[in-house]
Amino acid sequence: MARQRKKADLPTKTCTVCGLPFTWRKKWEKCWDDVKYCSERCRRRRNQG
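Numbering (my numbering), first residue to last: 1 to 49.
Because the hints were derived from the structure by calculation, they are not lab data. Take the hints with a grain of salt, since some may be wrong.
[Said to hold, decoys possible] Distance condition first, Cα-Cα at most 25 Å in a straight line; then the derived DSS-like pairs of lysine-lysine:
hint : residue 1 : residue 2
1    : K13       : K36
2    : K30       : K7
3    : K6        : K36
4    : K30       : K13
5    : K27       : K7
6    : K27       : K13
7    : K26       : K6
8    : K26       : K13
9    : K6        : K30
10   : K26       : K36
11   : K7        : K36
12   : K27       : K6
13   : K7        : K26
Fair warning: this is a prediction, and the values are worked out from it, not measured in the lab.
The whole structure should be built from the sequences, with the hints applied where relevant.
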């Protein structure tokens, strides 16, 4: 069985909308390079402001 990674070892990015850092999630495993937003809320707000 594979060993779990510590949260501190996971890659991080900065959200292009709110500027907050967010970490890798399992659901983004196959598309991590394309992820730009930390949440659905930020994705919806990308064109506002």
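Task: Hints not upheld, ascending by number - done: Those not satisfied: there are none.
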